[in-house]
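Top line first, the protein sequences correspond to chains A and B.
Its first residue numbered 1, the first sequence is counted upward by one per residue in this note's numbering.
Its first residue numbered 1, the second sequence is counted upward by one per residue in this note's numbering.
The reader is advised that the hints may include incorrect statements.
You can't tell identical chains apart in this list, so a pair holds if it fits in one copy or across any two.
[Unchecked claim] Mimicking SDA-like on lysine to any residue, the simulated pairs with C-alpha atoms at most 20 Å apart in a straight line are:
#	residue 1	residue 2
1	K133	P262
2	K133	D260
3	K133	T253
4	K133	S150
FYI, nobody ran anything at the bench for these hints, they're computed from the structure.
Because the structure is a prediction, the values reported are computed rather than measured.
2 protein chains.
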Amino acid sequence: MDIRNPYLMFLGDAPDDLAAKVADGVAKWRPDWCKGQLRLEGCRADLGLPDMTLEEGLAAGCKTLVVGVANRGGVIPQNWRDSLETALVMGYDIASGLHNKLADIDTLASLAREHGRRLFDVRHPTQDFEVAKGSRRPGKRLLTVGTDCSVGKMFTSLAIHKTMQERGMKASFRATGQTGIFIAGGGVSVDAVIADFISGATEWLCPANDEDHWDVVEGQGSLFHASFAGVSLGLLHGAQADALVLCHEPTRTHLRGLPDFPLPDLAHCIRVNEEMARMVNPAARVIGVSVNTSKLSADRQDAVLAEIEKETGLPTVDAFRQGAGRLVDAL
Amino acid sequence: MDIRNPYLMFLGDAPDDLAAKVADGVAKWRPDWCKGQLRLEGCRADLGLPDMTLEEGLAAGCKTLVVGVANRGGVIPQNWRDSLETALVMGYDIASGLHNKLADIDTLASLAREHGRRLFDVRHPTQDFEVAKGSRRPGKRLLTVGTDCSVGKMFTSLAIHKTMQERGMKASFRATGQTGIFIAGGGVSVDAVIADFISGATEWLCPANDEDHWDVVEGQGSLFHASFAGVSLGLLHGAQADALVLCHEPTRTHLRGLPDFPLPDLAHCIRVNEEMARMVNPAARVIGVSVNTSKLSADRQDAVLAEIEKETGLPTVDAFRQGAGRLVDAL
Numbered sequence: 001m002d003i004r005n006p007y008l009m010f011l012g013d014a015p016d017d018l019a020a021k022v023a024d025g026v027a028k029w030r031p032d033w034c035k036g037q038l039r040l041e042g043c044r045a046d047l048g049l050p051d052m053t054l055e056e057g058l059a060a061g062c063k064t065l066v067v068g069v070a071n072r073g074g075v076i077p078q079n080w081r082d083s084l085e086t087a088l089v090m091g092y093d094i095a096s097g098l099h100n101k102l103a104d105i106d107t108l109a110s111l112a113r114e115h116g117r118r119l120f121d122v123r124h125p126t127q128d129f130e131v132a133k134g135s136r137r138p139g140k141r142l143l144t145v146g147t148d149c150s151v152g153k154m155f156t157s158l159a160i161h162k163t164m165q166e167r168g169m170k171a172s173f174r175a176t177g178q179t180g181i182f183i184a185g186g187g188v189s190v191d192a193v194i195a196d197f198i199s200g201a202t203e204w205l206c207p208a209n210d211e212d213h214w215d216v217v218e219g220q221g222s223l224f225h226a227s228f229a230g231v232s233l234g235l236l237h238g239a240q241a242d243a244l245v246l247c248h249e250p251t252r253t254h255l256r257g258l259p260d261f262p263l264p265d266l267a268h269c270i271r272v273n274e275e276m277a278r279m280v281n282p283a284a285r286v287i288g289v290s291v292n293t294s295k296l297s298a299d300r301q302d303a304v305l306a307e308i309e310k311e312t313g314l315p316t317v318d319a320f321r322q323g324a325g326r327l328v329d330a331l
Numbered sequence: 001m002d003i004r005n006p007y008l009m010f011l012g013d014a015p016d017d018l019a020a021k022v023a024d025g026v027a028k029w030r031p032d033w034c035k036g037q038l039r040l041e042g043c044r045a046d047l048g049l050p051d052m053t054l055e056e057g058l059a060a061g062c063k064t065l066v067v068g069v070a071n072r073g074g075v076i077p078q079n080w081r082d083s084l085e086t087a088l089v090m091g092y093d094i095a096s097g098l099h100n101k102l103a104d105i106d107t108l109a110s111l112a113r114e115h116g117r118r119l120f121d122v123r124h125p126t127q128d129f130e131v132a133k134g135s136r137r138p139g140k141r142l143l144t145v146g147t148d149c150s151v152g153k154m155f156t157s158l159a160i161h162k163t164m165q166e167r168g169m170k171a172s173f174r175a176t177g178q179t180g181i182f183i184a185g186g187g188v189s190v191d192a193v194i195a196d197f198i199s200g201a202t203e204w205l206c207p208a209n210d211e212d213h214w215d216v217v218e219g220q221g222s223l224f225h226a227s228f229a230g231v232s233l234g235l236l237h238g239a240q241a242d243a244l245v246l247c248h249e250p251t252r253t254h255l256r257g258l259p260d261f262p263l264p265d266l267a268h269c270i271r272v273n274e275e276m277a278r279m280v281n282p283a284a285r286v287i288g289v290s291v292n293t294s295k296l297s298a299d300r301q302d303a304v305l306a307e308i309e310k311e312t313g314l315p316t317v318d319a320f321r322q323g324a325g326r327l328v329d330a331l
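Could you build all of it, start to finish, from the sequences and the hints given here?
Printed below as a string of C-alpha cells:
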C-alpha cells in the first residue's frame with residue numbers, strides 16, 4: 001500500500017464533523033498533503049480546507065481522493081458513487097476508510113482497471129502475511145499501548161514521530177488503523193488481519209532497519225480490553241518494541257463499550273505490558289506516559305499529570321498540549 | 001456449522017499416516033461416527049477402518065464425507081475432485097479441513113447448490129461474529145492453555161469432556177481447530193477469524209448455559225508463543241474461563257517453530273495465564289496440569305509427573321495414559 005499524495009478529501013454529505021473525524025485527523029497531521037475538500041449537497045462537515053471540485057483538485061495537483069468519512073447504514077449512496085466514478089475516470093486513485101469495500105463495487109472496480117487507477121480499502125488488508133518469526137531484528141521500535149481503546153495512541157505516536165524528525169533522528173511512523181494509514185500513506189489495519197497473522201503483519205509493518213532508526217508503531221486497543229486484547233498482544237509481540245509509551249484518558253469511568261470493566265490501575269497496566277513485551281524483547285520497558293487531559297478542567301490538567309508522574313515514576317505529558325519532547329528525551 | 005454424522009473418512013492418496021493425522025484424530029475420538037475410510041490408488045495412510053466406496057459408505061448410513069487429510073502443494077488434485085463431485089451427487093455433504101476452500105471450486109459449489117448438499121470448510125469461518133461483550137454469562141467454562149503450541153490441548157479437552165460425561169455431568173466440548181470441529185460436529189477455527197473478533201467468536205462458541213453446565217473449550221497456541229499469542233489471549237478472554245488446565249510437553253527444547261525461544265517456566269506460565277484470565281473472570285484459576293509424557297522413556301514418565309505436581313502444587317496427569325479423572329476431581 002503506497003497511497004500517493006497530495007489528497008483531495010471527500011466528505012460526501014457527512015451530517016456533522018464527527019462523521020468526518022478520520023478526514024479531520026488526516027488534515028490536521030498532513031496539512032501539506034490535504035489540498036482541499038470535496039463536499040456534496042447537504043454536507044455539514046468542514047475541515048477548514050478550500051472547497052474544490054474534482055477538476056480543481058486535479059489542478060491543485062491532487063493524486064488521491066481520500067474517503068475519510070463514515071457512511072450511513074453500511075451502504076455507499078448513489079451520489080457518492082457518481083463522484084467516485086468520475087474521479088477514477090479523471091485520474092484519481094481512491095483511498096477509502098469505509099467498512100464497505102470500494103473494490104466490491106463492480107463499476108468502481110472495472111473503471112479502476114480500465115483507467116489504471118488504484119483503489120485502497122485501507123480497513124481491509126489484501127496482501128498475504130506470514131506467521132510471525134519472532135527472531136530479533138535490528139532497528140529500534142517504540143509502540144504506544146493503552147489503558148483502554150481510543151485514548152490517544154495514534155496521536156501520541158505521531159507526536160513522538162514529529163519530535164524525532166525535528167531532532168534529526170531517523171524515524172518512521174507505522175500506521176495500524178485507518179486514519180494513521182492515510183497519514184502515513186500506507187500501513188496495515190491490524191485488527192482486520194486474520195488472527196493467526198496479527199504478529200506476522202506487525203513484523204512486516206516494522207521490519208529490520210538501521211540500528212539507529214526508530215519505528216514509531218501506532219498501538220491498538222488494550223491488553224485489558226475484553227473485546228480487543230488479542231489484537232493488542234499480537235501487536236505487542238510483533239512490534240518487538242524496545243520502548244513502550246502508555247496512553248491514558250483519566251476521566252474514563254470504565255473501559256470503552258464495557259460498562260462492567262473498570263480501567264486498570266496504571267502501575268498494573270505498565271507491569272503487564274512490560275511482562276508480555278519482554279517475552280519477545282527482554283529489554284522492553286515503558287519509558288513514559290501520555291495523558292489526554294482534554295476532558296479535565298484547565299486547573300486540573302497539570303495536577304493530574306504531576307500525580308501520574310509521581311505514581312508511575314515516569315515522564316508524563318499531554319502530548320497534545322505539551323508535545324512529546326520529554327518522551328523522546330527518555331529514550 | 002452442524003456437520004451430520006456418521007462420517008466416511010476420505011484419505012485421498014495420502015502418502016503416509018502423518019498426512020492423515022486429522023482423520024486419525026477423528027477416528028480415535030469418534031469411532032461410532034467413523035464408519036469407513038475411502039482411499040484412492042496410491043494411498044499409504046490407514047485409519048484401521050473398513051475400506052468403503054462411496055456407495056458402501058451410503059449403505060452404511062454415512063451422511064458426510066470428511067476430508068481430514070493434507071493435500072500436496074496447496075492444490076486439490078483432479079482425482080480427489082472426481083470423488084468429491086460424485087459424493088455430492090450421491091447424497092453426501094462434504095466437510096473439509098483443507099487450506100483450499102471447497103466452496104471456491106466452481107464445480108463443487110454448483111453441484112452442492114444443485115443437489116442441496118452442504119460444503120463445510122472448517123478452517124474458514126463463514127459466519128459474521130460480533131465484537132466480544134465481556135459481560136459475565138451463566139454456565140461454567142474450562143479452557144486448556146499451553147506452554148506451547150501442539151502440546152495436547154485438544155486431547156486433554158476431549159479427555160476432560162469424556163470424564164465429565166461418564167460422571168453424568170452436563171458438559172459440551174467446544175472445538176476451536178479443524179480436528180476438534182470434526183469431532184464435535186461444529187465449532188470455530190478461531191485462528192482464522194478476523195483479529196477484531198477472536199474473543200467475540202469465542203463468546204459465540206461457548207455462550208450462556210445452565211449454571212451447572214461445563215463447556216470444555218479447546219485452547220490454541222500459548223500466551224508465550226511469539227507467533228500466536230494474540231489468538232491465545234483472545235480465546236482466554238472470550239472463554240471467560242472459570243478453570244484453566246495447563247498443557248505441557250516436557251521434552252521440548254524451544255517453542256515450536258521458534259528456535260530462539262525457550263519454553264516458559266511452568267509457575268510463570270500459570271501466573272500469567274491466571275492474571276490475563278482474571279481480567280474477565282476474577283475467579284479464574286489453573287486447576288491442574290496435563291503433561292504429554294509420550295516422548296519420555298517409560299521409567300521417567302511417572303517421575304516427571306510427580307516433579308511437576310510438586311513444583312506446581314496442582315494435580316498433574318498424563319491424560320492419555322491416566323485419563324482426566326484427577327483434573328475433573330479438582331473442579
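Broken hints, numbered, in rising order? none
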